[in-house]
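Enquirer: Sequence:
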Amino acid sequence: MTANGILQIAIYCAIIMALAVPVGLYMARLFSGERNFLTPILGPVEAICYRIAGVDPKKEQHWLTYAFAMLLFNLVCFLSLYALLRLQGYLPFNPQGMGAMAPDLALNTAMSFTTNTNWQNYGGETTLGYFVQMAGLTVHNFASAATGIVIAIALIRGFARRSAQTIGNFWVDLTRCTLYLLLPISIVVALFMVWQGMPQNLSAYTDATTLEGAHQSIAQGPVASQLVIKMLGTNGGGFFNANSAHPYENPNAITNLVQMVLILSLGAGLTMTFGRMVGNMKQGWALFGAMGLLMLAGVFVAYWAEAGGNPAFAHLGVDQVASSLQAGGNMEGKEVRFGIANSALFATVTTDASCGAINSWHDSMMPLGGLVPIVNMQLGEIIFGGVGSGLYGMLLFAILAVFIAGLMVGRTPEYVGKKIESREVKMAMLAILVLPLSILGFTALASVVPAGLAGPLNAGPHGFSEILYAFSSMTANNGSAFGGLTGNTMFYNLTGTVAMLVGRFAMIVPVLAIAGSLAGKKLVPASIGTFPTDNGLFVALLIGVILITGGLTFLPADALGPVVEHLQMQAGSLY
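Numbered according to the numbering used here, the sequence shown terminates at residue 1086, and the numbering increases by one at each position without gaps.
No lab work stands behind these hints, which were simulated from the structure alone. Bear in mind that the values here come from a model prediction, so they are computed numbers and not experimental data. Only true hints are included.
With a Cα cut of at most 30 Å, we get these calculated DSSO-like pairs of lysine-lysine:
hint: 1; residue 1: 1032; residue 2: 793
hint: 2; residue 1: 930; residue 2: 1032
hint: 3; residue 1: 1033; residue 2: 570
hint: 4; residue 1: 1032; residue 2: 937
hint: 5; residue 1: 570; residue 2: 1032
hint: 6; residue 1: 930; residue 2: 569
hint: 7; residue 1: 569; residue 2: 1033
hint: 8; residue 1: 570; residue 2: 930
hint: 9; residue 1: 793; residue 2: 937
hint: 10; residue 1: 937; residue 2: 1033
hint: 11; residue 1: 793; residue 2: 1033
hint: 12; residue 1: 1033; residue 2: 930
hint: 13; residue 1: 569; residue 2: 1032
The whole structure should be built from the sequences, with the hints applied where relevant.
Expert: Spelled out as structure tokens, the structure:
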């Protein structure tokens, strides 16, 4: 590791910390129904949306009604995207004449973008026309991101309200999130990206002749508009197959920094939204602190593993030490314009969140470096996490943490003034156990059946890691992959569809049940026996619960492939 690399990581962390409070307070005002600086411009548009949809913005919903509206909306999103993918050959803005997707691949892709996963078993520039990229994928990037955010807001209201029967109105929350939060930022940053050299057009691909005389087709299209919301909404699906390693999706170091900031800005801000809406900003800072410490641990493990280089190459006498003449370390699969520090940081950030965008190949990382993204996903991507999903995932662990603390002091556990009883603990455990059920179940199945074993391109522990990474990514709604896995098969398309569906909605519904239960409770005044949840002791307890719960559930499967692979490399075996 170098001082320059550590400085770049420190600058990024400082930016995220600086943005958390203003972004979080803006969202708190927005979802509390207060006026903001965009209301004079967007207020009439918002009102028109309600009239067209027949929505009464003053009428709130019970948690069951809220959940039904959310599921119905996402069902329509899924069916509409599936139809677009299957009918692509008949749609406009398709200068390359792309045909319809195969049914199983269209099913997987429609579920992927509906669930905010953006797992892609295809290459964007060779499979999809511009209309589907815009009206299909980009629109769903907004819809799935807004869904995650409003679920988190509904849970926050559950903590903040007292003796209430409602948790908000899904349609109002969705509209306000899209109009006042996601769209304005996307428009401004997209213009910045165009200025930095990112394409935004509807032109046909350009045929070019290289200096060597070879013929090349240069893909382009409406890239900037999709790129911004893929990062801001922690979606991650790339316009190009190479994702943010492609120079058109990530031209330079500045755009790389902006993209990483977009990934965590809303997730970090939601911790402050929580603090403001429950009336105690220290509670938000406690969640932020737990997330930040876990993120830093992952970043520096990944950076250390990659900067150390490949021990198998060291045995061959290859110089991998950083110097003024070379970057050093493991540069396989990394872009020279980003280097090792920004590649390790990007890989960690994108799996801390449910983003899944990449600027280097995770499959080419060192074994322990590749273990970091897997662990991040299997912990539920609660380290700032996906927009909304990170916060409500962390709050599930907070419920478990205060439950354990309550057992230790012999009191009914409380969190931000609400008693945590058996219903909340059961729902929290149900939501948390969804991940290991899907990840380990599908990984075990793929590891024994011929259709699953046909996917990995590598034998041995790394092949197992490719399978484990895939189902971790799909269940956690991340979307990144170890590129050695051939995923566009009937087996992986169908099992992946189920994994993404379970990982998203089998977690959201229990979260809404918790929100409804908490909203109906009275606030309990703090007493001498109340366990404080806004200090360093609670942060330490919360991190311990996260690591112990995740470790007991995943550690044997997590470590098997990467650790064995690490030991083989240390022994000089290139297998």
